[in-house]
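*Asks:* Listed here are the chains, written in short residue letters.
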Amino acid sequence: AQKVTQAQTEISVVEKEDVTLDCVYETRDTTYYLFWYKQPPSGELVFLIRRNSFDEQNEISGRYSWNFQKSTSSFNFTITASQVVDSAVYFCALMREGGSEKLVFGKGTKLTVNP
Amino acid sequence: DVKVTQSSRYLVKRTGEKVFLECVQDMDHENMFWYRQDPGLGLRLIYFSYDVKMKEKGDIPEGYSVSREKKERFSLILESASTNQTSMYLCASSSQDQPQHFGDGTRLSIL
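Line by line, the protein sequences are chains A and B.
Take 144 as the starting number for the first sequence in this note's numbering and just add one per residue.
Take 492 as the starting number for the second sequence in this note's numbering and just add one per residue.
One or more of the hints may lead you astray.
Which chain B residues face chain A? A few, computed with CB under 7 angstroms, are given here [unchecked claim]:
| hint | residue |
| --- | --- |
| 1 | Pro530 |
| 2 | Ser585 |
| 3 | Gln591 |
These are computed hints drawn from the structure, not numbers from a lab.
Even for Gly, the Cβ is constructed at its ideal location relative to N, Cα and C.
Build the full structure now, drawing on both the sequences and the hints.
*Replies:* Here you go:
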């Protein structure tokens with residue numbers, strides 16, 4: 144069975160602080176994809192990143208970075224120098240390669256960035 | 492850009508009504524999905540479809556049905572709405588191994 148755990152339900156930081164959102168997953172598949180989505184207060188889910196299980200290189204996109212470690216089954220997301228606009232609920236998700244393209248979501252982490 | 496359009500942002504219906512939630516995508520995606528989102532429970536998959544006229548149950552299909560008569564349109568049907576179906580409903584579409592793209596969501600209230 145596949146499972147995604149986001150242990151942090153809510154995080155509150157002050158603007159310009161760095162913040163890391165944790166994601167731990169469980170799967171028996173050798174090939175899979177990991178995702179992060181952002182859900183701002185307006186409600187729509189915005190795709191941020193997809194990672195193939197064979198690619199453990201960390202990725203950086205502006206203030207966002209992702210650390211994928213298969214050894215600990217983790218795919219953590221760091222926001223550097225956080226801004227108020229980063230306030231949102233962030234979801235980590237797991238998908239088996241091929242098959243039905245079903246996503247298994249974590250329960251999300253609500254990030255509040257205070258001015 | 493992928494566009495997934497849900498017919499309503501907000502909807503209020505009464506208990507026992509038959510409710511239709513419509514979703515249209517413009518990227519010729521094979522796969523389409525319906526989720527509901529509730530506080531503390533995250534996103535839960537109701538139904539999905541990987542082709543026209545094909546449907547598969549997700550994790551919580553009870554009380555719902557779906558219809559996919561055309562590739563671009565995926566409808567969620569509440570046969571007899573109940574108050575415990577008050578929720579945020581999200582539609583998504585994707586092609587194989589690609590990220591799912593979501594609509595803006597429909598906040599449905601059943602009174």
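*Asks:* Could you check the structure against the hints above and give me the numbers of any it violates, in ascending order?
*Replies:* As far as the earlier hints go, only 1 is violated by this structure.
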